[in-house]
Amino acid sequence: RKEVEQDPGPFNVPEGATVAFNCTYSNSASQSFFWYRQDCRKEPKLLMSVYSSGNEDGRFTAQLNRASQYISLLIRDSKLSDSATYLCVVNMGTNAGKSTFGDGTTLTVKP
Amino acid sequence: NAGVTQTPKFRVLKTGQSMTLLCAQDMNHEYMYWYRQDPGMGLRLIHYSVGEGTTAKGEVPDGYNVSRLKKQNFLLGLESAAPSQTSVYFCASSPALAGSYEQYFGPGTRLTVT
Numbered sequence: 001r002k003e004v005e006q007d008p009g010p011f012n013v014p015e016g017a018t019v020a021f022n023c024t025y026s027n028s029a030s031q032s033f034f035w036y037r038q039d040c041r042k043e044p045k046l047l048m049s050v051y052s053s054g055n056e057d058g059r060f061t062a063q064l065n066r067a068s069q070y071i072s073l074l075i076r077d078s079k080l081s082d083s084a085t086y087l088c089v090v091n092m093g094t095n096a097g098k099s100t101f102g103d104g105t106t107l108t109v110k111p
Numbered sequence: 001n002a003g004v005t006q007t008p009k010f011r012v013l014k015t016g017q018s019m020t021l022l023c024a025q026d027m028n029h030e031y032m033y034w035y036r037q038d039p040g041m042g043l044r045l046i047h048y049s050v051g052e053g054t055t056a057k058g059e060v061p062d063g064y065n066v067s068r069l070k071k072q073n074f075l076l077g078l079e080s081a082a083p084s085q086t087s088v089y090f091c092a093s094s095p096a097l098a099g100s101y102e103q104y105f106g107p108g109t110r111l112t113v114t
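Line by line, the protein sequences are chains E and G.
Per the numbering used here: the first sequence = residues 1 to 111.
Per the numbering used here: the second sequence = residues 1 to 114.
The set of hints was computed from the structure by calculation and includes no laboratory data.
Just so you know, these numbers come straight off a predicted model, no measurement behind them.
Note that the Cβ used here is the ideal one computed from N, Cα and C, for glycine as well.
Heads up, some of the hints might be wrong.
Restricting the straight-line Cα-Cα distance to at most 30 Å, the calculated cross-link-like pairs of lysine-lysine (DSS-like) are [as the list claims (entries may be wrong)]:
hint, chain 1, residue 1, chain 2, residue 2
1, G, K71, E, K98
2, E, K45, G, K71
3, G, K57, E, K45
4, E, K79, E, K45
5, E, K110, E, K79
6, E, K2, G, K14
7, G, K57, E, K2
8, E, K98, E, K42
9, E, K98, G, K57
10, E, K45, G, K9
11, G, K9, E, K98
12, G, K70, E, K45
13, E, K110, G, K70
14, G, K71, G, K57
15, G, K70, E, K98
16, G, K57, G, K70
17, G, K57, E, K42
18, E, K98, E, K45
19, E, K42, G, K70
20, E, K2, G, K70
Non-contacting residues of chain G with respect to chain E, defined by C-beta distances greater than 10 Å in every case (computed) [to be verified]:
hint, residue
21, T7
22, Q85
23, Q103
Have a look at the derived ranges for each label pair, beta carbon to beta carbon [claimed, not checked]:
hint, chain 1, residue 1, chain 2, residue 2, range
24, E, S28, G, A56, 16 to 26 Å
25, G, S84, E, D39, 24 to 34 Å
26, G, S67, E, N65, 33 to 43 Å
27, G, E79, E, A20, 41 to 51 Å
28, E, G54, G, T114, 22 to 32 Å
29, E, E15, G, G51, 28 to 38 Å
30, G, P95, E, D39, 40 to 50 Å
31, E, N65, G, K14, 48 to 58 Å
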C-alpha cells in the first residue's frame with residue numbers, strides 16, 4: 001500500500017462546477033499536510049497547507065480528518081485556469097522535513 | 001529574489017556519460033532536496049540536505065551523488081548515466097522552521113539518456 005494515495009482521475013468538469021479530491025495517508029503519526037498544484041511540464045507549487053481545523057482560501061477549502069487519515073480539497077466555482085494536477089503531500093514532522101507526495105489527481109475544467 | 005533556480009534546463013546524455021545538475025536558492029533555507037518525476041508519476045526523493053556540509057539518502061539514491069558545500073547550492077551528480085535515469089529532476093528548498101515544511105521548487109531539469 002502506498003503511503004499517500006490519491007484518485008488519479010482524470011476529473012473533467014464544466015466551468016462553475018464544484019469538485020472535491022480526497023487523499024488518504026497510511027502513517028497515523030503524520031504531522032503536516034499540504035496540497036500542491038502542478039501544471040503540465042512545470043514545477044509543483046504550494047496551493048495551501050491543511051490544518052486540523054480546516055482552512056479556506058477563496059474558492060479552495062482544505063480539510064483534514066485525522067481519525068480516518070484523509071485530507072480533502074474542495075474547489076468551488078471551477079475556472080478554466082484551475083486545470084492542473086493536484087498533489088497531496090504528507091510530512092512526518094521529523095527527519096529533515098521529508099515529505100511523501102501522492103501521484104496526483106488531474107483536473108480538467110471545460111468551457 | 002529568484003527563489004530556486006536549476007541549471008541546466010535540458011540535457012541529453014549518452015549512456016555512461018556523467019553530469020552535474022546545479023540547484024541554487026536565495027531564500028536562506030536550511031533544507032534542500034532533489035526529486036525525480038517520471039511520466040504520470042509522483043515525485044520521488046533522491047537525496048536531501050539539512051544544512052551546509054550534510055547530505056542524506058532519500059527513497060531512490062542509487063546512481064546519484066550529491067554535495068552541499070555552500071548553504072545556497074545543492075549539486076546532484078550522475079557518475080555513469082543510464083537510460084533508467086531519463087526523467088525530470090526537481091530541486092526544492094524548505095525553511096527549517098518547526099512545523100513549516102512547505103517546499104519551494106525550481107523549474108526542473110529535463111534529462112534524456114540515450
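Cross-check of the supplied hints:
1. K71(G) to K98(E): holds, 18 Å
2. K45(E) to K71(G): Within the cut-off at roughly 22 Å; holds.
3. K57(G) to K45(E): Answer holds: K57(G) to K45(E) is near 24 Å, not above 30 Å.
4. K79(E) to K45(E): holds, 18 Å
5. K110(E) to K79(E): Holds - the C-alpha atoms of K79(E) and K110(E) are around 8 Å apart, at most 30 Å.
6. K2(E) to K14(G): With Cα atoms ~33 Å apart, K2(E) and K14(G) exceed 30 Å; violated.
7. K57(G) to K2(E): holds, 20 Å
8. K98(E) to K42(E): holds, 21 Å
9. K98(E) to K57(G): holds, 11 Å
10. K45(E) to K9(G): holds, 18 Å
11. K9(G) to K98(E): Within the cut-off at roughly 25 Å; holds.
12. K70(G) to K45(E): holds, 25 Å
13. K110(E) to K70(G): Violated, at about 46 Å.
14. K71(G) to K57(G): Holds, at roughly 18 Å.
15. K70(G) to K98(E): Cα-Cα ~21 Å, so holds.
16. K57(G) to K70(G): holds, 18 Å
17. K57(G) to K42(E): Holds. K57(G) to K42(E) sits at ~25 Å (cutoff 30 Å).
18. K98(E) to K45(E): holds, 17 Å
19. K42(E) to K70(G): holds, 26 Å
20. K2(E) to K70(G): violated, 35 Å
21. T7: Answer for T7(G): holds, closest chain E Cβ roughly 14 Å.
22. Q85: holds, 19 Å
23. Q103: Per Cβ check, Q103(G) is inside 10 Å of chain E; nearest 7 Å; violated.
24. S28(E) to A56(G): 16 to 26 Å: holds, 24 Å
25. S84(G) to D39(E): 24 to 34 Å: With Cβ atoms ~26 Å apart, the hint holds.
26. S67(G) to N65(E): 33 to 43 Å: holds, 41 Å
27. E79(G) to A20(E): 41 to 51 Å: holds, 45 Å
28. G54(E) to T114(G): 22 to 32 Å: violated, 49 Å
29. E15(E) to G51(G): 28 to 38 Å: violated, 46 Å
30. P95(G) to D39(E): 40 to 50 Å: violated, 24 Å
31. N65(E) to K14(G): 48 to 58 Å: holds, 50 Å
Comparing the model with each earlier hint shows violations of hints 6, 13, 20, 23, 28, 29 and 30; every other hint is respected.
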